[in-house]
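Enquirer: Take each chain as given, in its own frame, and dock them per the hints.
Note that the protein sequences, when read in sequence, are chains U and Z.
Reminder that position 259 of the first sequence reads as 259 in my numbering, one-by-one numbering, no gaps.
Reminder that position 172 of the second sequence reads as 172 in my numbering, one-by-one numbering, no gaps.
FYI, nobody ran anything at the bench for these hints, they're computed from the structure.
Each statement offered as a hint is correct.
DSBU-like, lysine-lysine: derived pairs with alpha carbons at most 35 Å apart:
1) Z:Lys280 / U:Lys284
2) U:Lys320 / Z:Lys280
3) Z:Lys153 / Z:Lys216
4) Z:Lys165 / U:Lys316
5) U:Lys284 / Z:Lys165
6) U:Lys77 / Z:Lys165
7) Z:Lys53 / U:Lys284
8) Z:Lys153 / Z:Lys53
9) U:Lys284 / Z:Lys216
10) U:Lys105 / Z:Lys280
11) U:Lys284 / Z:Lys153
12) Z:Lys280 / U:Lys66
13) Z:Lys217 / Z:Lys153
14) U:Lys66 / U:Lys284
15) U:Lys212 / Z:Lys280
16) Z:Lys20 / Z:Lys37
17) Z:Lys280 / Z:Lys325
18) Z:Lys160 / U:Lys284
19) U:Lys212 / U:Lys66
20) U:Lys345 / Z:Lys280
21) Z:Lys37 / Z:Lys96
22) U:Lys212 / U:Lys320
23) U:Lys284 / Z:Lys217
24) Z:Lys217 / Z:Lys20
25) U:Lys320 / U:Lys345
Just a few of them, taken from the derived set where beta-carbon distance is under 8 Å, the chain Z residues facing chain U:
26) Ser171
27) Gly173
28) Ser203
29) Thr206
30) Leu209
31) Leu230
32) Lys234
33) Arg255
34) Val273
35) Asn277
Yeah, the Cβ is synthetic: ideal placement off N, Cα and C, and Gly gets one too.
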Amino acid sequence: MMNESQNLLSPQPSEEPLVRIDDLTVTYYTRLGPVNAVDHVSFDIYRHEILGLVGESGCGKSTLGKALMRMIPPPAKISAGSVLFDGEDIMTYDDDHLRDFRGRKISMIFQDPMTSLNPVQRVDQHLEEAILVHEPKTLKENITARIHSLIERLGIQTRRLTDYPHQLSGGMRQRVMIGLGLVLNANLIIADEATTSLDVIVEAKLVEEIRKIRQEFGVSILLITHNIALVAEAADRVAVMYAGRIVEIASVYDLFDHPLHPYTQGLLASVPNIRLDEQQELYKMAGEPPNLTNAPQVCRFHPRCPHVMEICRRIKPDLKQVAPGRFTDCWLYQDHPEKTKPTIKVNA
Amino acid sequence: MSQTDSSRNQDVLVEAIDLKKYYAIGSSILDQLFGMKAEYVHAVDTVSFNIRKGEAFGLAGESGSGKSTIGRLVIGLEQPTSGRVLFDGIDLGNLKSEELRRLRRRMQVIFQDPMASLNPRMTLGESVSHGLRIHYPERADEIRDVTMAMFDKVGLTPPKYFYNKYPHQISGGQRQRVVIARALITQPDLVLADEPIAMADVSVRTLLLDLMIRLKKEFNLTYLFITHDLATAKYICDRICILYLGKICELGNLREVYANPLHPYTQALMAAVPVPNPHKRRTTPLPEGEIPNPIHPPSGCRFHPRCSLAAEVCSREEPLLRELKPGHWTACHFGENFIG
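Looking at chain Z on its own, in the form it has when it is part of the complex (with noise of 0.2 Å):
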């Protein structure tokens, strides 16, 4: 895993190295009373990458690929198992509760639902300005107006208009546009975007793709864009990872994936999403089952009893994530048969 080595520079935001993140389950005290093993669920295996400054990197995946997951771990919502995160040099896992809190200030979280998001008793000035108030005490007298400022930087015009109103007397497009105002006020410099525009509608959805392109010019901020569209990271990802089961399968470009898949499941993920055109339907025949269960997940390549092409060593030795073209990683053993 020389990913995250070669490039521990300057350039690099996040650093995830080893995460692991285990979730045990069914050992309540009878079961360990009676001596049964406790189980896990392996929500993330040994995934390692980098973010780098000022990119948008998505994290994509079907449920149960453990993308959720690895956001909530390089925020430090949750700790890993094993495995660490470095967020601009500094060991999440080493801080104290009081100087991760600090550091939060520099990472913040879009998530899908706006209305679970907001507090429905707090105006959408409170909201939005609520994280000023805690890392930026000493600014109370601009509170208002850099609250303002920045209702009228996510284009909730007029700003005076919004700010006293609540989350349940507005649209569902301009909620979400409370969440990236509160999320920004901050100056953080890692937003956590997880299915950020999934709830909104198509002709919403795009004016809120704009708006956080626009933005992270802007601010100069570096995404952690979490999906499961592939279509819509299109139009914002700078690099993709895809996952499968808590691994990572494939990671580079996402221009240079999308136009030459190097992992069987990234072609079968990619063969499956609808086109927009009833001239081009897909022929391609696509994988049998579903994605199985993360308790005991499948031996060697996780993808190989789905795998149309799998061979005998697929079963039993786990892929590498190998850099098979420059800054283009993939997990299978065959990758090298798909380089076009």
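Excised from the complex, chain U in its bound form (with noise of 0.2 Å):
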């Protein structure tokens, strides 16, 4: 179906995966019973990628994010699956390992990075410490050695780091955060929301630091957003979330040009597009998302399918791959005894 330039430092499905979930699911245990934010969720994170992950607010887009680091608090829990980090489990971690792995190995920032940052301690103070807490051995000239080198490919000027969180600008700040991860070399940077605070202009300024750092760092980036635009600014690779479940994924190309999941299809025709020669008028897709509390326990979007068939009120589909590097959870895409239409074909 396509045969798109691809990115030259898309991932090689040979390659192991930096990340692996299996069958991830998160609980909150409520009044009104256990909900599933997160419902038996499987995919791969690869070394180098830029993964952008979608989805509507609810979607248990920010819950999956934080499961990666096992930061689920109760009345929530991890209540199945698992989580191998460069071939390790990370469930079985106790929290000493735990800690340590936050931080040297997956570092997280917020939509509000003036949350994050602590306003009475200069920048080189937040590095500083970072350092220590993970390396408390490092000695002092090289710790000073190591943020001057870091905050300078950063782009932000060495004399900005004696100021304090309120003294820089919204975009400063993100990058001052993603800076807490990469001066301990993490693998993976998980931005939740991190541009959604930031002007337009800014945010796009960060967006391209983002995928600057990819390359010069080498890390790999799971860039959560419920901003589908963005993710096509600048994801190798695309997960829609719908409803606690992943319903495709596919290389940003595939999947903004041939989107299989009719969730997918819909979401992209009702992004608003700025040229006046595109998507001159938006889809309108009926109803909303589910209530989690009392989701369908078969496929999620069927109620609001324009392509709905008997077995999806029946069955719950499997996120299966259907052509090389392309996963779809629907009926239309898998074949089923009990399906009365034909299974569609997806070209590789």
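Expert: Shown next as structure tokens:
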């Protein structure tokens, strides 16, 4: 179906992934009973890739991001599944091991950097602390050298090191947050709506920066966002989440050129496009995302789906590979003895 | 600024003339005792425009550009430091508070966060009918029917189901429909919509946008549509006004402005908007820095410190808003160079 000029850095399927998420489930134990905010999700994050994780509010994308760091506080719990990070199962880690893992291997930036940075600590103190907590034996002059070279590579002037968070602009604060992950050479940075509160020009520049950082530091970045256009701008691969499940994964080109899942199709057709000659009309998707307390246990999109079939109301589809590098959990593309309509073949 | 004078006629619903809004900061009694000079945030600085009857007029800009403040000045929620707002020829500044209150029936507001705009202890029916009770007390016996009909118009069906519900019992998209219903129930001429769909999810957003476009036709409304999202503005606004740090950079027919932006700031803003097409990733460079402090705005053209094309004159002389193409205004000394 498609044969686009792929990004050179696109992951090779043969490669051992950095993170392998298998059957991950996060359950909130609420008054109304258990709710799976993340419902049996499996996918890989490759080395050096920017994986976009998109979905609407309440779809579980942030919970999924936090689960990768095992930062799920009660009343929620990781109730099933495993996360293999660099081959190690992080579910087996004890508290000490976990603390070292967070920060050294994996780092997270949030929407509002002002709440993540300490207002009475200078930029250099933040970075120093990060190094000393994880590598307490580091010599003072080595720390300074490391901080200086890092901050320059991030495009922040070294004189800003003595600034306090409130003296920095919003974009600069987010770069410091990214720096906190990079100073320990983390392998994965999870950016959860990290550009959302920024103005559009600053946001675009930070996205540019994120791509550069991936290139230069060779990290993997999980870009969690509700902004589909942003993913088109930044990501190599995209995972689309709906009501706690991943409904489609593909390379950014495949996904935007030929979305497979009806939800992805609807979503892309409803994204406003500033270009006058493109997307003159927006698609109006019927209904709203389900309330997860009583979400259908079958395909969760079927009540809104324009292509709904009999089987969709009765049997839950699984996320399956339907073409090289293309995964979707839709019965349109999967065989089943009870299906009455022919299965759509996706060309490689 | 002949922009307002040239078209002072029947087609104009709102005239904003040389609007200024400065907010004083840091002038506590102590400061004054020690002789500290009061400082001002120049939120809106000499802004003039017209809103024509029946159009959707977009005000766009980044945070701190003054777009929300202008909206509040236009419907008289705040008093300008100087300048005037004429609503259908009536000068809001000359009105007594009772007169302004009566005029408010004709101008309604939709804000970004419906949960914050709805009283959590009022049923949806009470919230929506509230304006009717205030402005049309003589029609008390029709209130329930009129309100139900409005629920139906905004797609909250069946109205009976929603009438006695509370805001927390419905979804975010439905809540914004309630706010829209409440705005329209007094049969306004002007609706100020301040980021009305910014909080809604993509799949819900298009439905709300579509609803607003439909209702505008049906009720003959004029919209003042405030947004930071130029891509969304494309689907609803007829004209667009781009603001930067309290001043108008560019103003004109939306399609004309988007096709041929005449101000470097508009050009940068448009280039920065991500496009949902990975084959068309942005390659043009963007201006450095962030929007400066509105307490001490830059001299001359306020965009000059970030503008890659700035010349000496830009820091010295403030550019006037000039009509460089019919109906297309820009405040750039070199606007002519961009005419394409």
